[in-house]
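Asks: Sequence:
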Amino acid sequence: MNVGKKSDEFLISLRTGRYRDHAIDELLDRHKLLLWKIVWRYKYFIENCKVDEQDLFSEAKIGLVLAYDKFDVEKEVKFTTFAYYWILQCVKRHIEKNVNLIRIPVHILDTLKLIEKYDTLEECSKIEGKSLYVLEKAIKSSDISVCSIEDISYQ
1 MNVGKKSDEF LISLRTGRYR DHAIDELLDR HKLLLWKIVW RYKYFIENCK
51 VDEQDLFSEA KIGLVLAYDK FDVEKEVKFT TFAYYWILQC VKRHIEKNVN
101 LIRIPVHILD TLKLIEKYDT LEECSKIEGK SLYVLEKAIK SSDISVCSIE
151 DISYQ
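Heads up: the sequence shown begins at 1 in my numbering, then just goes up one per residue.
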């Protein structure tokens, strides 16, 4: 286990200087399976919503490079765990940005996903601490009924 972590730490130590491009290429090569696993996780959107598989893979690569730039070796977390979060965020944002004909802002999609978890708006407001006004405004602005919110769930 430590062998993989040490080798990733070595590549992270090359983040500045003339070996940066080589280190990024090496990381992309080592974590290609992780990138594809995350892309394949969203196979439904690739098939039904006309999101290109290669575009999602490119976004996953961008997420890996972002993780590479932001990773701190001093923290007690493995690079792959840290990178997984960034890759997932980039892929999700790409899907949210491109899946609808009319783009719904990400914060409204997040609020709608939050509403989906509860039976009533009052229950959601009470547990999550958001006002009823914000929840109702998210539903009205997206022009989506509460029943069809499941259609935009990404997990």
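FYI, nobody ran anything at the bench for these hints, they're computed from the structure.
Yeah, the Cβ is synthetic: ideal placement off N, Cα and C, and Gly gets one too.
Among the hints, a few may not be true.
Claimed, not checked - Simulated pairs of lysine-lysine, DSS-like, Cα-Cα distance not exceeding 25 Å:
id, residue 1, residue 2
1, Lys70, Lys43
2, Lys61, Lys75
3, Lys50, Lys61
4, Lys113, Lys75
5, Lys130, Lys43
6, Lys70, Lys50
To be verified - With beta-carbon atoms standing in for the labels, derived distance ranges:
id, residue 1, residue 2, range
7, Lys78, Leu114, 16 to 22 Å
8, Leu34, Ile108, 17 to 23 Å
9, Val134, Asp25, 42 to 48 Å
Asks: All hints, please: hold or fail.
Replies: Here's how the hints hold up against the structure:
With a C-alpha separation of about 28 Å, the suggested pairing of Lys70 with Lys43 is violated against the 25 Å cut-off. With a C-alpha separation of about 23 Å, the suggested pairing of Lys61 with Lys75 holds against the 25 Å cut-off. With a C-alpha separation of about 20 Å, the suggested pair Lys50 and Lys61 falls inside the 25 Å cut-off, and the hint holds. Of the supplied pair hints, the one linking Lys113 and Lys75 is violated, its CA atoms being roughly 31 Å apart against a limit of 25 Å.
A hinted pair counts as satisfied when its Cα atoms are at most 25 Å apart, and Lys130 with Lys43 does not qualify at roughly 32 Å. For a cut-off of 25 Å, the pair hint linking Lys70 to Lys50 is broken: about 31 Å separates their Cα positions. Checked against the hint of 16 to 22 Å, the C-beta distance between Lys78 and Leu114 comes to roughly 29 Å, which is inconsistent with it. Range check, Leu34 to Ile108: Cβ separation about 30 Å, and the 17 to 23 Å hint is violated.
Against the hinted window of 42 to 48 Å, the Cβ-Cβ separation of Val134 and Asp25 comes to about 45 Å, which satisfies the hint.
The earlier numbered hints that this structure contradicts are 1, 4, 5, 6, 7 and 8.
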